[in-house]
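Put together the whole structure using the sequences plus the hints.
Protein chains in written order, with the working numbering: chain S, 542 to 756; chain D, 10 to 321.
Rather than coming from a laboratory, the hints here were simulated on the basis of the structure. For glycine and all other residues, C-beta sits at the position ideal for the given N, C-alpha and C. Please note: incorrect hints may appear among the correct ones.
Stated by the list, open to error - Counterexamples of contact, computed for chain D against chain S with all Cβ distances above 10 Å: (1) E69; (2) I134; (3) R285; (4) Y312.
As the list claims (entries may be wrong) - For lysine to aspartate or glutamate, the following EDC-like pairs were computed, each having C-alpha atoms within a straight-line distance of at most 20 Å: (5) S:K707 x D:E141; (6) S:K647 x D:D275; (7) S:K651 x D:E190; (8) S:K647 x D:E141; (9) S:K651 x S:D641.
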Amino acid sequence: MRRYAKPLLFALCALPLAWLLLRALGFAGLSLGANPTDELQDRLGDWGLRLLLGTLCITPLAVTLRKTWLVGLRRMLGLFAFTYLVLHFANWLVLDQWLDGRAIVKDIAKRPYITVGLASLLLLVPLAFTSTAGWMRRLGKRWQVLHRLVYPAAVLGCIHFWWQVKADWREPLLYATALALLLGWRARRTCQRRRAALAAAASALDPLKAMGRGA
Amino acid sequence: MIRSPDRGPLTSEITPREIYLDRRRLMAGLAASLVGLVDAAELPAARLQFAGNPRFSTKEAPNSYEDIRSYNNFYEFGTGKEDPSERSGRFKPTPWKVAVAGEAEVTGTFTLEDILKPHALEERIYRLRCVEAWSMVIPWVGFPLGDLLKRFRPNSRAKYVAFKTVLRPDEMPGQRFPVLEWPYVEGLRIDEAMHPLTILAVGLYGQTLPNQNGAPLRLVVPWKYGFKSIKSIVEIRFTERQPPTSWNISAPQEYGFYANVNPGVDHPRWSQASERRIGSGIFAPRRPTLMFNGYAEQVASLYTGMDLSKYY
Chain S
542 MRRYAKPLLF ALCALPLAWL LLRALGFAGL SLGANPTDEL QDRLGDWGLR LLLGTLCITP
602 LAVTLRKTWL VGLRRMLGLF AFTYLVLHFA NWLVLDQWLD GRAIVKDIAK RPYITVGLAS
662 LLLLVPLAFT STAGWMRRLG KRWQVLHRLV YPAAVLGCIH FWWQVKADWR EPLLYATALA
722 LLLGWRARRT CQRRRAALAA AASALDPLKA MGRGA
Chain D
10 MIRSPDRGPL TSEITPREIY LDRRRLMAGL AASLVGLVDA AELPAARLQF AGNPRFSTKE
70 APNSYEDIRS YNNFYEFGTG KEDPSERSGR FKPTPWKVAV AGEAEVTGTF TLEDILKPHA
130 LEERIYRLRC VEAWSMVIPW VGFPLGDLLK RFRPNSRAKY VAFKTVLRPD EMPGQRFPVL
190 EWPYVEGLRI DEAMHPLTIL AVGLYGQTLP NQNGAPLRLV VPWKYGFKSI KSIVEIRFTE
250 RQPPTSWNIS APQEYGFYAN VNPGVDHPRW SQASERRIGS GIFAPRRPTL MFNGYAEQVA
310 SLYTGMDLSK YY
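Written as structure tokens, this is what we have:
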């Protein structure tokens, strides 16, 4: 299982992209439908967000299932999420906006859902860039701090989706709930760790003993 | 014709088989669409008889039948663009009745046949601009709404016309979840309703409307965003006060009562300055949206003196 996990995950993550490609190329009568630009835009965004949330599932899974090797899958998931989101953005720039600089800048400034979407993607850029083993080594402890940017990026991604639906908020609600659970799990874990650390510190500096010494 | 009882029809009187079959098909089609004697599922799209109307039609090339029937919004069948075509198979557009009520001399419930009988159908090739910034060109078959409304003799208090879509959660899966308040309701000011461009459509590409496009009877107001053109109408009511409308109830700051296509008034969340023409191909750039969807010459006078950024 462990041996095949990576290639299997790679294939799974590439599947939606391959499917979009086959549809775009009109393979075997497939198509992107009547509005191919919007179809690409929406499906790339869907998968980008899903994989980003998938990335955030790895740590809780690894901890609860006590399978540390799962953490080794996190980078690939994260990079796939980033790839889909970059393509999502590129599709908007090129096929949707036709690289019309003025319209693009205006939309980014004026449309909150685009602003937060772009902010989310920009937060992910340094994470993708520093995802290599070399950068992990070089950054040491700071690597983990830096990579906490994935949390605000995911929050903004969910908001980006929520703010553009017209009336049917069921799917964005699903993602937002998943994100809330994933972040909630981390918050609880952090609290537990802090409490444990405080307790350890407290027992090391036992106030009664200290008082006894002072008397 | 006088015919002696002891002889059969002259051979010249016998209708050739092809014509006879054709005629039967036409009759069956009309029956299916208008009277409801045939289950609509057997005849999903019957040919209609109609005349062209070049005066009110655009010369732009219409979208393919496939695009029009497979890509649209009809939230009663789901919120995805392909949901209406994929999930409307169980909907039964026949038999059909329309209730007429409110400020008019003639009110009551009418069969679709009663509604349609006096009207000659015509083809109107109209641009359709969705509030989501995409557009199509659609060859509707229908008749002016005003001609129908006059038959009910609205009184002087009839300042607005309200419409209601059928409520059938068992046939319309989208109605099982309150994405919008069901049934869908829409409305027009009486002068908008009486405008010669405003039609009730019963067909598309010369055939009866597919379920997903609003069968059997829908409104088409080409200078307004598509959501104003309410589908599968079961009630027409003349009112003195402005009637509630579904999208306005759902998000009043985003969707107004008028909903005129206006490139100068953006949706709060996206620009309305340009649109994507469906069917123009993946490499076609957006095109500028026209004031009143290009029907300004005919309809701008309806809104003289109104602040269209306030009455959006």
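Okay, the hints, checked on the actual structure:
no.: 1; hint: E69; in the structure: holds, 16 Å
no.: 2; hint: I134; in the structure: holds, 18 Å
no.: 3; hint: R285; in the structure: violated, 6 Å
no.: 4; hint: Y312; in the structure: holds, 25 Å
no.: 5; hint: S:K707 x D:E141; in the structure: holds, 9 Å
no.: 6; hint: S:K647 x D:D275; in the structure: holds, 13 Å
no.: 7; hint: S:K651 x D:E190; in the structure: violated, 30 Å
no.: 8; hint: S:K647 x D:E141; in the structure: holds, 18 Å
no.: 9; hint: S:K651 x S:D641; in the structure: holds, 15 Å
When held up to the earlier numbered hints, the structure conflicts with 3 and 7 and fits the remainder.
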